[in-house]
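Let the hints inform the model, and build the full structure from the sequences given.
Number of protein chains: 2
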Amino acid sequence: MLFFIQAGACMTDGILTIADRIHNKLDNLTRAERQLAHSILENYPASGLGPLAALAKVANVSVPTVARMVQKLGFKGYPEFQTELREELKATVQNPIAKHDTWAEGAPSGHVLNQFTDAVIDNIRHTLAQIDPDKFDEACAMVADQSKPLYIVGGRVSHTLAEYLFLHTQVLRPNVTHIQSTSNAWPHYLLDVGPNDVFVIFDVRRYENNTLKLAEMAHARGAKIILFTDQWRSPVHQLAEISFSGRIVVPSAWDSVATLMLLVESMIAAVQNVDWDDTKDRMEQLEDMFDQTKLFRKFT
Amino acid sequence: MLFFIQAGACMTDGILTIADRIHNKLDNLTRAERQLAHSILENYPASGLGPLAALAKVANVSVPTVARMVQKLGFKGYPEFQTELREELKATVQNPIAKHDTWAEGAPSGHVLNQFTDAVIDNIRHTLAQIDPDKFDEACAMVADQSKPLYIVGGRVSHTLAEYLFLHTQVLRPNVTHIQSTSNAWPHYLLDVGPNDVFVIFDVRRYENNTLKLAEMAHARGAKIILFTDQWRSPVHQLAEISFSGRIVVPSAWDSVATLMLLVESMIAAVQNVDWDDTKDRMEQLEDMFDQTKLFRKFT
DNA sequence: TTCGTCCTGTTACAAATATAACAGAATTCT
DNA sequence: AGAATTCTGTTATATTTGTAACAGGACGAA
Numbered sequence: 001m002l003f004f005i006q007a008g009a010c011m012t013d014g015i016l017t018i019a020d021r022i023h024n025k026l027d028n029l030t031r032a033e034r035q036l037a038h039s040i041l042e043n044y045p046a047s048g049l050g051p052l053a054a055l056a057k058v059a060n061v062s063v064p065t066v067a068r069m070v071q072k073l074g075f076k077g078y079p080e081f082q083t084e085l086r087e088e089l090k091a092t093v094q095n096p097i098a099k100h101d102t103w104a105e106g107a108p109s110g111h112v113l114n115q116f117t118d119a120v121i122d123n124i125r126h127t128l129a130q131i132d133p134d135k136f137d138e139a140c141a142m143v144a145d146q147s148k149p150l151y152i153v154g155g156r157v158s159h160t161l162a163e164y165l166f167l168h169t170q171v172l173r174p175n176v177t178h179i180q181s182t183s184n185a186w187p188h189y190l191l192d193v194g195p196n197d198v199f200v201i202f203d204v205r206r207y208e209n210n211t212l213k214l215a216e217m218a219h220a221r222g223a224k225i226i227l228f229t230d231q232w233r234s235p236v237h238q239l240a241e242i243s244f245s246g247r248i249v250v251p252s253a254w255d256s257v258a259t260l261m262l263l264v265e266s267m268i269a270a271v272q273n274v275d276w277d278d279t280k281d282r283m284e285q286l287e288d289m290f291d292q293t294k295l296f297r298k299f300t
Numbered sequence: 001m002l003f004f005i006q007a008g009a010c011m012t013d014g015i016l017t018i019a020d021r022i023h024n025k026l027d028n029l030t031r032a033e034r035q036l037a038h039s040i041l042e043n044y045p046a047s048g049l050g051p052l053a054a055l056a057k058v059a060n061v062s063v064p065t066v067a068r069m070v071q072k073l074g075f076k077g078y079p080e081f082q083t084e085l086r087e088e089l090k091a092t093v094q095n096p097i098a099k100h101d102t103w104a105e106g107a108p109s110g111h112v113l114n115q116f117t118d119a120v121i122d123n124i125r126h127t128l129a130q131i132d133p134d135k136f137d138e139a140c141a142m143v144a145d146q147s148k149p150l151y152i153v154g155g156r157v158s159h160t161l162a163e164y165l166f167l168h169t170q171v172l173r174p175n176v177t178h179i180q181s182t183s184n185a186w187p188h189y190l191l192d193v194g195p196n197d198v199f200v201i202f203d204v205r206r207y208e209n210n211t212l213k214l215a216e217m218a219h220a221r222g223a224k225i226i227l228f229t230d231q232w233r234s235p236v237h238q239l240a241e242i243s244f245s246g247r248i249v250v251p252s253a254w255d256s257v258a259t260l261m262l263l264v265e266s267m268i269a270a271v272q273n274v275d276w277d278d279t280k281d282r283m284e285q286l287e288d289m290f291d292q293t294k295l296f297r298k299f300t
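Order-wise, the sequence lines are chains A and B. Using the numbering used here, the letters of the first sequence map in sequence onto residues 1 to 300. Using the numbering used here, the letters of the second sequence map in sequence onto residues 1 to 300.
Just so you know, the hints here were simulated from the structure itself, not pulled from any lab data. This structure is a prediction, so every number in the text was calculated from the model and none was measured. Be aware that a few hints might be false.
Since copy identity is lost for identical chains, a pair holds within one copy or between any two.
With a straight-line Cα cutoff of 30 angstroms, these simulated BS3-like cross-link-like pairs (lysine-lysine) come out [to be verified]: (1) K135 <-> K72; (2) K90 <-> K280; (3) K57 <-> K76; (4) K90 <-> K57; (5) K90 <-> K148; (6) K224 <-> K148; (7) K148 <-> K280; (8) K25 <-> K213; (9) K90 <-> K72; (10) K90 <-> K76; (11) K213 <-> K90; (12) K76 <-> K148; (13) K57 <-> K224; (14) K57 <-> K148; (15) K25 <-> K76; (16) K148 <-> K72.
Now the structure itself:
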């Protein structure tokens, strides 16, 4: 067991905020208490200023758990805890500078974390603004359509996204195949491809020749292509029924797939809702199988 | 004593803040009530969040005066007044990235894309707010340290993240190994692990037994562990030198790794800067090799 | 001045809130 | 696998906290 003390973000006067104190103690807390702690930090400090019972309820823990944790934090009781919270709030409001102009508080705005996050949020905003929701729904419907075989294709970097989508669609429906365009074996998979099969292809720069070849062949066989690419658009997009282009520029030597990941996850969420009963059924079966393998921990 | 009136700073949704309401009513109030009103506005909203009696005391009015004025303001009672104050505070604190903004224009705000994006942005904000930048830098330094072997471990779902980090660190430095905890072969890799080796482990719920076992063995051999987990924290975190917990809840049957992806990409960006000359050199070599394989398209 | 109205504070009561004690689960250790 | 320990929730009690009713006091009008 390792207990380290995080020399936390301090307030102006050098005294730790309650949020910091919670954070520091986090390792010494029990499950329910940790759950509670997160709930408090979730909308800090408002949550802590209500009645104890309300806090317990939103955190899904019992009333005494709150009382106990507050004492563990070094307060005499909940009221004292609240009093200090209010004091803190008072101090914060009177000194309304800074606060929240950076993402990672306590880091300068030039820190990688802040710069990078800024860029990604910006990417998300631009990407989403350009997406046609109807096309998106249409694509989701295609992916959800169990009557048509689904192929998911990724390249060197985009393999990550493809695999992630595959992992989930595999749970959602039968008849899904994951193809790595970097593998020499990919032509094998195309043998069975026919008209109306659905391809989800990921291709971000640098666009891969293999992926393009694969797309061409699939297209030639009448398959419908859904493409996830970047703002400059992979050449595959000429063959694609529907394309989504995400912004991927970040202050780094590489591009960011975080935005595309967001799209993929949204698509997964949408697909699972198309036929929720069926999805639920398949997920339960999977749970059962996992239970039998004892792969996961049963509790916490 | 309070002198000026902030011309109705309204909330985003057009509803008046409580401060505004007090202000508007100010003329209809009696002496004691006005005295109280000023006291409330003095350090708003903290003062109103304490017990009624405390507020009465600092304002030098009697307890019932407070109760009466609160009712005059249109609240059923003091508790209701407090509840609304807290709601207001919550909204204010959460405001930095205006919530209401629909991301995918043209789609209703209830559309999956908007809902999901909202959640992810929210996750990012909360996650970043809780990260200690110093620990982050420290972790990056460990990953960048070429004198120590680096192992990257992922489970069933988190495999995606692990692989992505591996793909990039492999370019950045020698001596990186990717281990899938879902593979039975993982113990083989631990044979050579010694003190000071660095492990980056990904474990989000449902936490995997294999990953924990692997972490324990690595820890027993003296390796240093950097953990990426979710807000509930994988049990591995007890063994970890440094942990990062990302929020992963989204409106979906699954969790979202988008936030963790952001962290991973930030880390990659940071690591590449630790020794940029070296990084650049390795990247150029890689370019050359890619050129020779003709894997990528030369233009576009 | 005297009456009446309105305001304000003191007291008493009711409701809620927090704490303490206990017992049942769960987890860890042997 | 069983015992001990730790954690967690339920119940019961004490305290705080808010509200209602009452009575004294200030101010204005006649």
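Here's how the hints hold up against the structure:
Proximity of K135 to K72 under the C-alpha cut-off of 30 angstroms is restricted to the inter-copy arrangement: shortest distance 25 angstroms between copies versus 51 angstroms within a copy. Neither within a single protomer nor between protomers do K90 and K280 lie at most 30 angstroms apart by alpha-carbon distance, with minima of 46 angstroms and 35 angstroms respectively. Taking the shortest Cα distances, K57 and K76 sit within 30 angstroms of each other both inside one copy (22 angstroms) and across copies (23 angstroms). Within a single copy, K90 and K57 get their C-alpha atoms as close as 26 angstroms, and across copies as close as 17 angstroms, so both meet the 30 angstroms cut-off.
Taking the shortest alpha-carbon separations for K90 and K148, neither the intra-copy value of 46 angstroms nor the inter-copy value of 47 angstroms comes in at or below 30 angstroms. Proximity of K224 to K148 under the C-alpha cut-off of 30 angstroms is restricted to the intra-copy arrangement: shortest distance 10 angstroms within a copy versus 48 angstroms between copies. Only within a single protomer do K148 and K280 lie at most 30 angstroms apart by alpha-carbon distance; the minimum there is 20 angstroms, versus 45 angstroms between protomers. Only between protomers do K25 and K213 lie at most 30 angstroms apart by alpha-carbon distance; the minimum there is 26 angstroms, versus 56 angstroms within a single protomer.
Both within a single protomer and between protomers do K90 and K72 lie at most 30 angstroms apart by alpha-carbon distance, with minima of 24 angstroms and 25 angstroms respectively. Proximity of K90 and K76 under a CA criterion of 30 angstroms is satisfied in both settings, with 21 angstroms inside one chain copy and 26 angstroms between copies. In this assembly of identical chains, the alpha carbons of K213 and K90 never lie at most 30 angstroms apart, being 41 angstroms within a copy and 47 angstroms across copies at closest. In this homomeric assembly, K76 and K148 never come within 30 angstroms of each other (Cα to Cα): the closest approach is 64 angstroms inside a single copy and 47 angstroms across copies.
Proximity of K57 and K224 under a CA criterion of 30 angstroms is satisfied in neither setting, with 49 angstroms inside one chain copy and 38 angstroms between copies. Within a single copy, K57 and K148 get their C-alpha atoms no closer than 46 angstroms, and across copies no closer than 47 angstroms, so neither meets the 30 angstroms cut-off. In the homo-oligomer, the alpha carbons of K25 and K76 lie at most 30 angstroms apart inside one protomer (16 angstroms), although the nearest pairing across protomers, at 39 angstroms, exceeds that limit. Neither within a single protomer nor between protomers do K148 and K72 lie at most 30 angstroms apart by alpha-carbon distance, with minima of 58 angstroms and 39 angstroms respectively.
Checked against the numbered hints given earlier, the structure breaks hints 2, 5, 11, 12, 13, 14 and 16 and satisfies all the rest.
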